[in-house]
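**Student:** So you can see what is in the structure, the chains are spelled out below.
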Amino acid sequence: DSGVTQTPKHLITATGQRVTLRCSPRSGDLSVYWYQQSLDQGLQFLIQYYNGEERAKGNILERFSAQQFPDLHSELNLSSLELGDSALYFCASSSLSGYQETQYFGPGTRLLVL
Amino acid sequence: GENVEQHPSTLSVQEGDSAVIKCTYSDSASNYFPWYKQELGKRPQLIIDIRSNVGEKKDQRIAVTLNKTAKHFSLHITETQPEDSAVYFCAEGYEKLTFGTGTRLTIIP
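Chains as they are written, first to last, in our numbering: chain L, 113 to 226; chain Z, 276 to 384.
Looking at chain L on its own, in the form it has when it is part of the complex (with noise of 0.2 Å):
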């Protein structure tokens, strides 16, 4: 268990609708980064929040926001939803903003859109 909590855990939803999916850092962690995991292929860096304010963008679509809050919860919102978005979506936590620091993993969600 790496400390890092993700919900929900499966998601099924149709095309063209709006889901929100929910991030808890480890204890102490600033930095909480999104990740798209589609079938046989690798991680997809989206976006990174740190201690509240955006620090990295990667290939996140338009249709696609995030946020972390003062707590330090994240949530990646998906909208409009096609059927490629599809996939595992995963959040990871690091103690602080730089990229070299050890990214720890959550369980993901895993999203079907139908």
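None of these hints come from the bench; they were simulated from the model. Some clues are possibly wrong.
When the alpha-carbon atoms are kept at most 25 Å apart in a straight line, the in silico DMTMM-like pairs for lysine to aspartate or glutamate are as follows [stated by the list, open to error]:
#	chain 1	residue 1	chain 2	residue 2
1	Z	Lys-317	L	Asp-113
2	Z	Lys-371	L	Asp-183
3	L	Lys-121	L	Glu-187
Here's a subset of chain Z near chain L, in silico, CB distances under 10 Å, partners left out [stated by the list, open to error]:
#	residue
4	Asp-302
5	Pro-309
6	Gln-313
7	Leu-321
8	Arg-326
9	Arg-336
10	Ala-338
11	Tyr-369
Counterexamples of contact, computed for chain L against chain Z with all Cβ distances above 12 Å [stated by the list, open to error]:
#	residue
12	Leu-123
13	Thr-127
14	Gly-128
15	Leu-142
16	Gln-149
17	Gln-153
18	Gln-160
19	Asn-163
20	Glu-174
21	Glu-194
22	Leu-200
23	Gln-212
Just so it is clear, CB atoms sit at the ideal spot from N, CA and C, and this is done for glycine as well.
Dock chain Z against the given chain L, drawing on the hints supplied.
**Tutor:** Relative to chain L, chain Z alone:
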């Protein structure tokens, strides 16, 4: 970093033999190279990492080598065991991490 190529995509080795996975990258500014292991249905976990100021790092049966001139780095697992079966991801970092597409390693008992 923008592009990381990882080879092979699948690898089967006999238990006790060594396994080698290679990654190449394109961004010469990259200076951090972690390796993650992801068992079936589980989260990725960091197993070893290397920074650009060293050429090799070992941790028991696992080692990573880095050639900054050629822009490639490799994961070496010796004396493989069945529990080494997993998908392994390399990554390279400069401001953010870019992951390779993974290698599915199967250890044959």
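**Student:** For this structure, which hints from the list above don't hold up?
**Tutor:** Failing hints, ascending: 4, 9, 10, 16, 17, 18, 22, 23.
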